[in-house]
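Engineer: If you read the sequence shown in numbering that gives the first Met the number 0, its first letter stands for residue 0, the second for the next number, and so on.
Just so you know, these hints were derived from the structure itself, not from any lab.
Mixed in with the good hints there might be a few duds.
Across the chosen pairs, the derived CB separations fall in these ranges [unchecked claim]: (1) Phe33 x Glu91: 19 to 29 Å; (2) Leu98 x Gly34: 13 to 23 Å; (3) Lys87 x Ser113: 37 to 47 Å.
In silico DSS-like cross-links for lysine-lysine, where the CA-CA straight-line distance does not exceed 25 Å [unchecked claim]: (4) Lys11 x Lys110; (5) Lys32 x Lys87; (6) Lys5 x Lys60.
As the structure is a prediction and not an experimental result, all values here were calculated from the model.
Each residue gets a CB set at the ideal place from its N, CA and C atoms; glycine is no exception.
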Amino acid sequence: MAHKFKELQIWKRSRLLCSKIYEVTSKFPDSEKFGLTNQLRRASVSIPSNIAERSSRKSKKDFSRFLQISIGSAYEIETQLLISHDLKFISEDELQPFLSELNEIIKMISKFKSTLN
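Using the sequences and the hints given, assemble the complete structure.
Structural biologist: So, in structure tokens, the structure goes:
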């Protein structure tokens, strides 16, 4: 049951989100290089990476488990973006599109995951 991950909208959108996370974190203070910047980047890379890596698995159960990990990474990003906003590293205008896109990605992953069960 190998999925062609490059055709999955959730993979495409999460990959684009990752690029936007890198872009916004490049403006964070240097003191955050090993803090929020690193955490946000790692979590954002995790979403498309888990989808791609696990899409080759033969087991629906295995793939479903890694989709759940991707959802966890999305919630991690949401929390870290909110903290970044609290610390005034990103504005409300920068925050809202991220939260909207994360919400959509979570919904898409959840819906796709439900088709595997």
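Engineer: Now, for every hint given, state plainly whether the structure supports it.
Structural biologist: Taking the hints in turn, this is what the structure says about them:
1. Phe33 x Glu91: 19 to 29 Å: Given about 26 Å between the Cβ atoms, the range holds.
2. Leu98 x Gly34: 13 to 23 Å: Distance hint for Leu98, Gly34 holds at roughly 21 Å.
3. Lys87 x Ser113: 37 to 47 Å: At roughly 38 Å between Cβ atoms, Ser113 and Lys87 fall inside 37 to 47 Å, so the hint holds.
4. Lys11 x Lys110: holds (16 Å)
5. Lys32 x Lys87: holds (16 Å)
6. Lys5 x Lys60: holds (20 Å)
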